[in-house]
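Model the full assembly from the supplied sequences, consistent with the hints where possible.
These protein sequence lines are chains P and U, in that order.
18 is the number of the first residue of the first sequence in this note's numbering; add one for each residue after it.
691 is the number of the first residue of the second sequence in this note's numbering; add one for each residue after it.
Source of the hints: derived by calculation from the structure; they are not laboratory data.
Here the structure is a predicted model, which means the values were calculated and not measured.
Backbone N, C-alpha and C define an ideal beta-carbon position, used for all residues, glycine too.
Here are the simulated SDA-like cross-link-like pairs (lysine to any residue), alpha carbons at most 25 Å apart as the crow flies:
hint, chain 1, residue 1, chain 2, residue 2
1, U, 699, P, 119
2, U, 699, P, 121
3, U, 699, U, 772
For each label pair, taking beta carbons as the anchor points, the in silico distance ranges come out as:
hint, chain 1, residue 1, chain 2, residue 2, range
4, U, 765, P, 131, 45 to 53 Å
5, U, 742, P, 90, 28 to 36 Å
6, U, 768, P, 29, 36 to 44 Å
7, P, 29, U, 691, 33 to 41 Å
8, U, 708, P, 131, 39 to 47 Å
9, U, 774, P, 29, 18 to 26 Å
10, U, 765, P, 80, 45 to 53 Å
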Amino acid sequence: DAGVTQSPTHLIKTRGQHVTLRCSPISGHKSVSWYQQVLGQGPQFIFQYYEKEERGRGNFPDRFSARQFPNYSSELNVNALLLGDSALYLCASSSGGGNTGELFFGEGSRLTVL
Amino acid sequence: AQRVTQPEKLLSVFKGAPVELKCNYSYSGSPELFWYVQYSRQRLQLLLRHISRESIKGFTADLNKGETSFHLKKPFAQEEDSAMYYCALVSGGYNKLIFGAGTRLAVHP
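As structure tokens, this is what we get:
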């Protein structure tokens, strides 16, 4: 198993643009979470999806949205990009939607906004 | 507010020395705490969780509710322990983790 896979690995956008990040969970995992990691800080929770429904949302503006597909893969969308959105975006999967605390992370998508 | 604090950005020790990575938390209720580790060029991965009271790669962590701490300890550091360590708290009825800012452990030969 390749583990959690994310694409693209790196991308550069300009302010005001839109970005879509993709994630494929570990086979059999039904939950996907998204985290933002700014340089020098720990990952910060953005969303969790379980069985295609949003289960939780962090303190992020409405410019951030996500969805989960029938095959449990997920997309994170960010509109009207700001310089402060530059970060590593991590996707994590888990087998269930409950509070196990055990997440399996991808390698991340590094977004640079100019 | 729920919060995880790791006061040290960098901890530098020599091989064979004891290691203690500090973690303090703020949480109302019974916390569930974890240590995640990221080795160079690898993805973030779970190291251990307090509820299982296990020792992984020689590391242990004890939850101290009185001091609201969950420090990670190892009696004899090895060079391969060099990595970024994150303390995390699970929050909410779903798998939301609140991470600390992380501590970089550097073990020198």
